[in-house]
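Engineer: Order-wise, the sequence lines are chains A and B.
Residues 4 to 115, numbered by the working numbering, are exactly what the first sequence covers, in order.
Residues 397 to 513, numbered by the working numbering, are exactly what the second sequence covers, in order.
Heads up, some of the hints might be wrong.
Listing some non-contacts, in silico: residues in chain B with all C-beta distances to chain A over 12 angstroms [said to hold, decoys possible]:
1. 405
2. 451
3. 481
So, partial list: chain B residues that the calculated Cβ filter (under 10 angstroms) puts toward chain A [as the list claims (entries may be wrong)]:
4. 404
5. 428
6. 431
7. 511
Rather than coming from a laboratory, the hints here were simulated on the basis of the structure.
Here a beta-carbon is modelled for each residue, glycine too, at the ideal position from N, C-alpha and C.
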Amino acid sequence: QITLTQQAESLWISPGERVSITCRASQSLLYTDGKHYLSWYQQRPGQTTKALIYHASVRTDGVPTRFIGSGSGTEFTLSIEHVQPEDFAIYYCLQTLKSPYTFGAGTKLELK
Amino acid sequence: QVQLKESGPGLVQPSQTLSLTCTVSGFSLTSYHVSWVRQPPGKGLEWMGVIWTGGSTAYNSLLKSRLSISRDISKSQVFLKMNSLQTEDTATYYCARVDYSSYFDYWGQGVMVTVSS
Chain A
4 QITLTQQAES LWISPGERVS ITCRASQSLL YTDGKHYLSW YQQRPGQTTK
54 ALIYHASVRT DGVPTRFIGS GSGTEFTLSI EHVQPEDFAI YYCLQTLKSP
104 YTFGAGTKLE LK
Chain B
397 QVQLKESGPG LVQPSQTLSL TCTVSGFSLT SYHVSWVRQP PGKGLEWMGV
447 IWTGGSTAYN SLLKSRLSIS RDISKSQVFL KMNSLQTEDT ATYYCARVDY
497 SSYFDYWGQG VMVTVSS
């Protein structure tokens, strides 16, 4: 199965700063259609899990432009520019290239 | 609008079978796949399995021997059954819709299941 590694368990940042969360796959997530099957999710207490990015770089409807997905092959990054108070949450990557689908272990953004 | 809502018992005894229901609205189970995901307390997300629009299924290999996912299209419900529960199966269980671009675009609120005698 494909393993996703999110190295940072926690990242401490201040509001207004820029942060990058990385996700490394054990094999390429590029499919023959030219798209990467890697998506990003946000979990906040008391709220439903929210999809932020799919195909590595496409924002879902309504997601603020400060959320930026990038990367290719096996290395992916979720960047948040000018972090807002509501962005302090846990972020997960997910690969849906091959079954079994797999999540990264999650990265928690914490207030410095 | 699109909604998913999980339901089931909050407490299950060890060695027993867990039965959960995901009731969906705003879309058809013949148009979208639905996945189950779980999250032990304080831990990360674990993909459990999926039921495709055609009715076939795929499972996490670690759970495959204990897990079954099925559906009732007329009732817009997806079912999860997992047997031989252990304390390690204590978790919040979520169902999620799989978008055509193969990401989980809508999630339920989750149902907390505790395995304990």
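Engineer: For every hint, state whether the structure bears it out.
Structural biologist: Against the structure, the hints:
no. : hint : in the structure
1   : 405  : holds (21 angstroms)
2   : 451  : holds (16 angstroms)
3   : 481  : holds (20 angstroms)
4   : 404  : violated (17 angstroms)
5   : 428  : violated (14 angstroms)
6   : 431  : holds (7 angstroms)
7   : 511  : violated (22 angstroms)
Checked against the numbered hints above, the structure breaks hints 4, 5 and 7 and satisfies the rest.
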